[in-house]
Every structure is written in structure tokens, then in C-alpha cells.
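Participant: Top to bottom, those sequences are chains U and P.
Going by numbering that gives the first Met the number 0, the first residue of the first sequence is number 0, and it counts up by one from there.
Going by numbering that gives the first Met the number 0, the first residue of the second sequence is number 0, and it counts up by one from there.
I should point out that these hints are in silico values taken from the structure, not numbers from a laboratory.
Ideal placement from N, C-alpha and C gives every residue a C-beta, glycine not left out.
Any given hint might turn out to be false.
Derived DEER-like restraints, expressed as beta-carbon distance ranges [as the list claims (entries may be wrong)]:
#1 134(U) to 178(P): 54 to 62 Å
#2 131(U) to 48(P): 18 to 26 Å
#3 24(U) to 119(P): 38 to 46 Å
#4 131(P) to 24(U): 45 to 53 Å
#5 142(U) to 178(P): 46 to 54 Å
#6 24(U) to 141(P): 56 to 64 Å
#7 135(U) to 59(P): 16 to 24 Å
#8 67(P) to 46(U): 22 to 30 Å
#9 51(U) to 67(P): 40 to 48 Å
#10 131(U) to 54(P): 42 to 50 Å
#11 59(P) to 149(U): 33 to 41 Å
2 protein chains.
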Amino acid sequence: MLAPIDFYFDFASPYGYVASHHIDEIAEKHVRVAVWRPMMLGAAFKTVGTGPLVNYPIKGDYMLHDLRRTARAEGFSITLPPGFPHATLAAARTFYWIADNDEALAKTFARAFFDAYFSTGEDVSPAEATADIAASAGLDRDAVLAAVQDPAIKERLKRETDTALERGVFGSPFIFIDGEPFWGSDRLDQVDKWLETGGW
Amino acid sequence: MLAPIDFYFDFASPYGYVASHHIDEIAEKHVRVAVWRPMMLGAAFKTVGTGPLVNYPIKGDYMLHDLRRTARAEGFSITLPPGFPHATLAAARTFYWIADNDEALAKTFARAFFDAYFSTGEDVSPAEATADIAASAGLDRDAVLAAVQDPAIKERLKRETDTALERGVFGSPFIFIDGEPFWGSDRLDQVDKWLETGGW
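Bound-form chain U, shown alone:
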């Protein structure tokens, strides 16, 4: 049994969204499982001394252009909600709360959240909006609202984020294959090749 690959991302990361369209397919092609691990990227930005791409003059404009072009090439579109990027605490906590019982359902929720955040043009990061999305994926809305305030779930997300930082995660998406790190949706070709060849 081959070890799972770790897929770290922030729910407010558009390149994380791009990678989310491919990571499971790439893993399955090589008889692996991709474990999705949402984290709070802001903590990593503080450590490294960087910030959201969109905040940089010129580079931020290019990023929007590149994102839309990349999405078009793959057959979807990206609209950033006003106020982007948001802290997506509620979505990340909801994910882990679901994943502890049903990892497949957690991914279904994650995809629905990503789609809503990056296509409707609405800010779905608040707990109420996040719970609506979870409800549309079949979860109990009130249970979600309770979960995002549950100290154990809060601690769980904090621990996952701390572990990500300890492993050297500084951006989203960030993928580990047997300890080998890959940053960025534009490295998915190397991820695929690494899984194919066992590394080089």
C-alpha cells in the first residue's frame, strides 16, 4: 500500500482551487490517495515575510490575468469575491469536522465551497454562508455552526496549520509525496512525473 500524498491548501487560494480540480485524479492514476489538508496560509505568510499575491502591485494584476487564462484553458472560470482574500476559518474547520467521519463527504463539501467562493462572486467565508454550503452537501446546518465554534475543532485546524509550517509549507497549493515538497499548481506536471517514476 503506497502512502497517501498530502494536499495542503487555503480555501481562499485560487491556485489551490486550480489544483483541487486535478489532485485526486493524479493520485488515483498512481494508485495513491490524496489527503486534503486545508490550512490558514496567513500564518505561513507571517513566517516567510510574504503576503497574498493580489496585494502586490503589478504582480497582483498579473496573477489575476494568469488565473483567468489558466482557468479558461481548463474549461472553468474564476471570479474573485469582493474583499478577496478572506480568512476561511469556518470552511477549514467544517472540513476537518466532516473529514473525521467521512473523508469523501469532506471533499464534496470542499469542492462546493471552492466553487461558490470562486465562481459566484460572493464572500461565502462567514460561518453562516459556509454552513449553507455544507447544508447543500447534505450536512446539518446547525451542527456545522456548532462545530466551527467547537474548541476541539479549532484546535484541530491550529494543529494542522502548525504541522504544515513545520513541514515548510509557505504557499498554496503545497503537495508532499513521501516527504518530497511541491509548491504551486504549475508543478502538478512534476507531481505526476514523480509519482510515475518514483523521483529523480
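Given chain U's structure and the hints, the job is docking chain P onto it.
Facilitator: Leaving out everything else, chain P in the frame of chain U:
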């Protein structure tokens, strides 16, 4: 006759070095010419508020790892000289001085400089070392040393760098196809596809 594509880079940019292995081949495949345009990236970093990747904690370490892995996948190796990155003024000026008479010879010099800078582990950015490399490419050493101090050549590089900034260049490599911008050696697949399809 299709318009040339512009290949902006800094001689101290290792991802520029990676792209230099491919850009002419990609251009020629689509009946285009790649015009090489060395520039001083430091000016762009100031405008955008970023800096050399290697200066960021954690992210800089990853960059070195990613560079070596990327180079290995393509059959070459990368060694950064001590004190990396350097201002490669002499190399960029030498390039334009040669290119004004012989663009092919300028590329031959550029490849030789890149190879020396990223493989010998020596700092070849000073004018004397740069002139040695130009001499090995068949140029007159003393003429090179004079050229890098020539006010007209200095002005030429400044103008090229200013134009790059006006066009939105903030990193290296940076490629334009009929005005469409692509940043990074990891976007060469999109460059190839854009040339193939005419855009999407």
C-alpha cells in the same frame, strides 16, 4: 511574417537560465524568433516590493530544492555562486553591445555566461570575468571592457529595463507573445500552447 516574441530575463535569474534552454526551440517550432532582452531585475523588485527568492526564509530553501530538481529533470545541474544573486550589469551591457551587430553571437555569449554563472560555482559577474567569457566566444576582450563602460551602452540597458518595467515585467523569465504576458519558466507550456493556438 509573425512578430518576434520577447524573452526578458536577468542574467542572475536561475529560472531565466532554465527558460533559456527552451525559448528558442519553442519560438522556432512556431516560426517565430525569440528576442532575448536581459534587464536589471532589481529595479522591478523595488517597484513591486519583492526581492530575490533566495532571500526569503523557507521559500528560498524550497527554491533551491525546486531548481535542482527541475534542472535534473532536464539533464543539467545548477550551482549557485557564493554571494548569489549578483548584479549582472557587465553581462547585460555586453549582450546589447554584441546584439546590435550580431544577435546570434549575443545569444552564444549569453548561453556561455549563463553556463559559467550557474555551473562553475564562480562569480563571473565582474566585468573582467564577463570579458573572459566573451573572449572565449570569439570577442575582443579589451573591446568588451570598453563597451561595458560606454555611456551609450549603459543607457541602452537602462532603456531596456525601463521598457520592461513599463510593460509590467516583475520577475524573470518574462515572455511576451503579441503583448500577452507570461511569467516564469513553469509557464513555458502555456507559451507553447499560446503560439500553437493563437490564444484562448
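Participant: Indicate, hint by hint, whether the structure satisfies it.
Facilitator: Okay, the hints, checked on the actual structure:
| no. | hint | result |
| --- | --- | --- |
| 1 | 134(U) to 178(P): 54 to 62 Å | violated, 46 Å |
| 2 | 131(U) to 48(P): 18 to 26 Å | violated, 37 Å |
| 3 | 24(U) to 119(P): 38 to 46 Å | holds, 42 Å |
| 4 | 131(P) to 24(U): 45 to 53 Å | holds, 51 Å |
| 5 | 142(U) to 178(P): 46 to 54 Å | holds, 52 Å |
| 6 | 24(U) to 141(P): 56 to 64 Å | holds, 60 Å |
| 7 | 135(U) to 59(P): 16 to 24 Å | violated, 42 Å |
| 8 | 67(P) to 46(U): 22 to 30 Å | holds, 23 Å |
| 9 | 51(U) to 67(P): 40 to 48 Å | violated, 28 Å |
| 10 | 131(U) to 54(P): 42 to 50 Å | holds, 43 Å |
| 11 | 59(P) to 149(U): 33 to 41 Å | holds, 38 Å |
Violation of the numbered hints given earlier is confined to hints 1, 2, 7, 9; the remaining hints are satisfied by the structure.
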